[in-house]
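Visitor: Starting from two chains that each stand alone, build the complex the way the hints lay out.
These are the residues of each chain, in order.
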Amino acid sequence: MDWYPLYNSLRIALFSSVIVFFAGIFSAYYVARLPRSAKGVVDVVLTLPLVLPPTVCGYFLLLAFGLNTPIGRFLDSYGFRFVMTWYGGILAASTVAFPLMYRTARGAFEAFDVTLSEAGQTLGLSNAYIFWHVRIPSCREGIVAGIVLSFARALGEYGATSMLIGYTPGRTATISTTVYQMWRTNNEREAFIWVMMNLVISMVVLLAVNLLEGRNRRRSAG
Amino acid sequence: MRLVVDIRKKLGSFTLSSTFESEDMITGLLGASGCGKSLALKCIAGIETPDEGYIELDGRVLFDSRKGISIRPQERHVGYLFQSYALFPTMSVRKNIMTGVHSIRDRAERRRRYEAAVELMQLEGLEEHRPYQLSGGQAQRAALARIIASQPELLLLDEPFSALDTHLKDSLQVDMKRLIARLGKQTVLVTHSVSEAFRLCSRICVMESGSIIRAGRPAEVYSNPMAEGCAKLFGHRNIFSFRKDGGLIVIPELGISLEKAEAVPEGADRISITDAAITAGGTIRVSTEDVLSESDGNNLILSLGGKRSLWWKSSLCSVDSISIDTARCVFLG
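As they're listed, the protein sequences go chains A and B.
Residues 28 to 249 in this note's numbering are what the first sequence spells out, letter by letter.
Residues 5 to 337 in this note's numbering are what the second sequence spells out, letter by letter.
Hints are computed from structural coordinates only; laboratory data are not their basis.
Derived, one-sided and incomplete: chain B residues facing chain A with beta-carbon distance under 7 Å:
id : residue
1  : P77
2  : Y84
3  : G104
4  : S107
Not everything, but these chain A residues come out facing chain B in the computed CB check (under 7 Å):
id : residue
5  : L143
6  : E145
7  : T149
8  : L150
9  : G151
10 : S165
Note that the Cβ used here is the ideal one computed from N, Cα and C, for glycine as well.
If we strip away everything but chain B, and leave its shape as in the complex, we get (with noise of 0.2 Å):
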């Protein structure tokens, strides 16, 4: 299965501009909210109309819109799981999944897709609930029961467990992922959460204002985020403007140079600092300005000199000196 993407589309200020293709099984449309990927992803259900583009899954043209193709969303067979999961309320569990076999027209046929997907979800018991009866746990499994059942051939899913609480999340991640590769249908994540995206995707396209700044692998995604954008959204917090100057990095913000230049891979004109960058104790002087107690250590908000301060995630309350190991920090651009 592949799905092809490149579509745009203009509201007020805000322009979406996605262009992507994928074979994968998951691929995931990672961004902080308000970034497009929801409308990206409706684009593709056909629930929005892009201004123009062209969007095609497994070879059949879903929206084209310089041959002025674009299939009705009924007819594009393509299951949409929304953040509310949007099930009717005024319909009990029974008949919300009904729906979802409606234009079948043998019945038998009808009565045997919903009893397989009722089983595959594990919702016996719950036929006669209506949705307002249900768990947030519940309610996406009959909701996804509806989509399984309408047998689509591609899954969209928006933020699938934003509703959910943190102990469950985990879970029925775990649940979602085998679900997917028992069911080998292709799918698409939509998440802003970055742990979410690198436990289910297998491919991640990383969203900034409506635009897809950095595609891949999620490994390779992360080690080597290119862009700030997608660098700030894994946690990056020490991104710097720099120049060469000579075997030197020299990062003005901070008032400091760093050794090894030749570490600075072509194009690249920011430095993020990570965490596993700094070690205490070395030859750049530094006060500790403040210290954020985290759960698991702190951050401490150092002062080099500059106009602006480092953060360092440590288990020191204190330092007095560091130092930077050039070959740990990444570079954007």
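Okay, chain A solo, but in the shape it has when bound (with noise of 0.2 Å):
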């Protein structure tokens, strides 16, 4: 048995969950600072991959990183492409997974108490500080939640993910593609082997997340 898509999925979905945190909330935070009219033209932008069917995802980003379009040329002229390779994947991945983050952090930040940051201001502290340590750990069951949503999604993602870096085994294999792969060659064994792995990983990321929801509803209960 090759362990290689376990390996495969866990990097690109831990990859993509840093890279999406980032992303998501400084998208967050400046998107909230816009104007009125120029927030809704980004908001609808920075949604449209969680209602888009992930192949369309897929299509674009072969628009976009492909490697006959000008992006992909200049990449490639780096020995950097994003089609069929593993980190393709993250790529993939990350687009997919970025509005579960960016919504939940923009959720997270519209409840956030204003006059914190002002009273942190008034103190002295620099607005990065502010940032970093009283507007994220306030918002930090959102943020957690979003990454975990981000993690489990970029675990799972199966459509941007084969238009872009399709199904190598040993190369660009993820479980999500393997199950496919499997169940279309008729290697029912494998296949279901490979959607306990999914099943077993999922439970025991939502169930770290209640754990966590937990024992922070106890510690602000007092």
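Guide: Shown next, in the form of structure tokens:
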């Protein structure tokens, strides 16, 4: 049995979560400060990957980063290509998972009491300090939820991933593409193993969230 | 220390237009909610930016729209006590106070200021508590300690007692007054409570819909409110327009005329008939329309035959005639 898909899926999901964490909270922070008219447009664009079929996202990624595109050619000249590589999976998973982080972070930031950051400013704290030490910890629950959802989404990504990086055993195979490939080739036993694997990981993640939330709730209830 | 504020800011249909100067220890901005007093305070702190104007603290220009100067709130050295105290919920009291000295390089100095603030605000034993574990009074002390540790040049207090129980309010007002005297820091207090402004402030500015309508020593403002909005804030209920007719003050809305028109100051066009000006028994025939029982007596609603009625606080339950002493009435305008 080849364990590569597990390893590949986990690293893609981990890297994507980190990228999506920073991209999501910064976009949420800056979009909240945009003028109302611009906010509506930017918000729609940033949320689009959530409602578009992942294959459509994959299509757009190919349109932008495909080997025959200016960006693709430029990156390729530095030996860097997102098509048919494992790290192309990070791009695909990040794109699809991004709106989950962005929207949960935005929701958390909207509930954030602005007097806290105003108080920080009058106390002489830098905006960066206020962001990392006051705003983010105060919005911890929403942000943790965003990270977990993004991780789970990245782990299960199929559509955009198969469009961009396809399925090459030992190179670009992920759990979800392997499940499809095994089932398609009548290898039902292995397909089942990977299904169970996915189920276990998802359950562990959700369990961890519930434990974390329970601890937070106890703490804030005193 | 001298604070000069001359600012204008438009928010939708509301316009803040606030001009005052103060060298007093505690200046009060007094007004009903929504009058713009907190907004004025936020402009001084730099959290809000006025559309135009000028703010100066002790010779230091904090804001000048004509010269394009707007000092960041971080560099204004102005302490702001929020109505909600704005303690950082994820930090202990100790960490909260330490944020007030965060910018100081010297570790020993940080420690010294922290300990001084904790001692002054009597927070010993509460240092490891989280904000949600504190009572209202303790939270206020912790927020003050955080501000004091940062050593601001000006204190801004935004409705500091409105979140507290009545019995606690009284003692905390005394504590606050002593604290400010001890720190020797110039302070601007925003409040909607007349009694709070009178207890704490040596000078008050009364605000109404964005503008200061009356400013001065509290006693002076109280005895001569001048503006109708100001009189209403002090609880005047019987304010009527009048005209002078020879030696008489004619109040059409009540259908009566009062004597001694010579008591009317120049430019006044409204009369406020205070409770002290009314006595039972006299020449004006009235009928008691209603009696409202209050904790400290009754409010009689008297009809004098005109369109409007007169409110009078009295121990009586009913009267059929009154007299009004013009000398005790307050003239506005």
